[in-house]
Amino acid sequence: MSSKRKISLSEEELVLALRNREKIAVEALYDMYSASLFGVISRIITDEAIAEDVLQETFVKIWHSFSGYSAEKGRLFTWMVNIARNLAIDKVRSKDFKNQSKNHELENNVTFIDEQRNTVYKPELLGIRELVSTLKPEQKSILDLVYFKGYTHVEAAEELGVPLGTIKTRLRMGILQLRKHFNE
Amino acid sequence: MENVKEYIESGILELYVLGDISATEKAQVEEMAAKYPEISAEIIEIERSIEFYAEEHAVEPSENLRAKVLNSLLVNLGDDNTFLKAKTHQDDDNVRSLSAARVTSFYKYSFAACLTLLLISIYGLVNLYSKLQESNTQLSALQTDKVRIANQVSLRDNELQVYRDTAFKVLKLKGTAKAPAAAMVLAWNSISKKVMVAVASVKLPQHDEKHQYQLWALVNGKPVDMGVFDQPKADTVGVKEMKAIASAQGFAVTLEPNGGSINPSMDQMVVIGTF
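Residue numbers (numbering that gives the first Met the number 0), protein chains in the order written: chain A, 0 to 183; chain B, 0 to 274.
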């Protein structure tokens with residue numbers, strides 16, 4: 000993986016290049032974000048082939064609707080991950096997907112993927128993973144439900160049988176925890 | 000400042016970044032972020048940490064997907080940029096644009112030719128059809144004519160037959176004082192006892208609808224009924240056969256009420272003739 004030449008630009012450079020429809024922007028976009036986006040999609044869709052289809056759809060949509068992104072409203076990745084998540088959730092909820100795959104129980108699914116994907120994690124991120132694993136399980140489950148599963152915090156509260164206020168607090172605490180580690 | 004801190008701690012910014020808030024709330028957050036740099040800084044921090052979280056869960060897609068995705072995006076890019084260049088280039092290419100023009104004009108002209116031929120054909124067909132109709136009408140008129148003439152010929156033939164037959168005695172009836180211009184020719188066959196009136200020769204005064212002419216044979220001074228007949232219409236030819244009689248010295252015609260009378264009304268006699 001690391002032997003391959005990967006293009007990396009700063010976010011400002013990338014946004015500018017994307018806006019000018021430059022070829023290098025497409026490659027940089029893929030090299031910088033495909034793994035992160037695919038990680039999110041894979042959490043929602045277990046079937047690898049379908050997940051890769053959705054990743055492709057995601058890039059096509061990003062490319063086509065790029066004029067809809069503005070830097071003032073937030074970071075590029077936040078915008079892109081929302082596109083990926085929505086496409087993946089739409090796919091999971093679509094009729095033919097339901098017909099061709101049995102839906103696993105939600106929480107089992109998350110751990111199932113964790114087990115399945117353990118070997119493909121980027122080695123350079125292993126350190127971070129250890130840090131993240133210091134997240135309390137209840138913080139992690141809420142974050143996963145909302146971030147990876149497209150649950151609203153109201154639905155997450157119902158799913159976990161926890162009051163709304165608690166959900167919000169855990170979410171915030173979890174993210175603060177993440178910040179603390181990444182800023183160290 | 001207290002407000003801002005409270006706002007940040009409410010957890011709404013986390014929900015904002017996760018995309019889990021209503022459109023109104025979203026607009027509100029964006030307004031706050033524009034107003035307070037602390038808030039927009041906080042949002043970016045949250046986004047960063049979430050981004051790291053995603054990176055921590057990153058999964059490399061298969062190697063060949065990269066080429067697939069890049070191709071599908073670059074095809075679009077080609078549509079957007081490269082194609083315009085290609086088009087300009089094509090304009091410089093004389094041979095191509097000429098042949099393209101030739102093809103178009105060939106089809107244009109052949110289409111026009113086809114259309115013209117079609118119009119001419121339609122005109123010709125319409126013409127031909129009306130001529131055909133005309134001929135048909137003429138033909139049927141001729142046929143009617145022919146039938147009429149054939150009939151006439153056969154009637155004349157019958158008439159001639161009567162005159163040629165020596166057994167027939169031809170008698171010309173002449174007008175009486177009542178109708179001096181009246182005249183009529185009949186023939187009597189003494190062998191077959193037939194009496195024929197030559198229709199074309201009948202020149203009797205016009206009678207009304209309530210009357211008919213009646214032919215009488217004069218046998219030994221007494222009138223014998225020979226049947227009634229109408230004044231023939233103009234252009235009628237042939238012979239009309241009356242009742243048969245074995246012997247007669249003469250014939251006469253009187254005007255009688257429709258159907259005829261038992262005895263002739265002598266004052267209504269129009270023609271008479273004797274052998």
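Be a bit skeptical, because a hint or two may be false.
Now the in silico label distances, taken between C-beta atoms and shown as ranges [said to hold, decoys possible]:
#1 164(A) x 3(B): 53 to 61 Å
#2 81(A) x 113(B): 54 to 62 Å
#3 62(B) x 158(A): 35 to 43 Å
#4 22(A) x 120(B): 36 to 44 Å
#5 34(B) x 63(A): 56 to 64 Å
#6 105(B) x 93(A): 45 to 53 Å
#7 164(A) x 62(B): 42 to 50 Å
FYI, nobody ran anything at the bench for these hints, they're computed from the structure.
The beta-carbon is built from N, C-alpha and C at its ideal position, and this holds for glycine as well.
Hint by hint, here is what the structure shows:
1. 164(A) x 3(B): 53 to 61 Å: 21 Å, violated
2. 81(A) x 113(B): 54 to 62 Å: At roughly 59 Å between Cβ atoms, residue 113(B) and residue 81(A) fall inside 54 to 62 Å, so the hint holds.
3. 62(B) x 158(A): 35 to 43 Å: 37 Å, holds
4. 22(A) x 120(B): 36 to 44 Å: 59 Å, violated
5. 34(B) x 63(A): 56 to 64 Å: Taking Cβ atoms as reference, residue 34(B) and residue 63(A) lie about 33 Å apart, which means the hint is violated.
6. 105(B) x 93(A): 45 to 53 Å: 51 Å Cβ-Cβ, so the 45 to 53 Å window holds.
7. 164(A) x 62(B): 42 to 50 Å: 46 Å, holds
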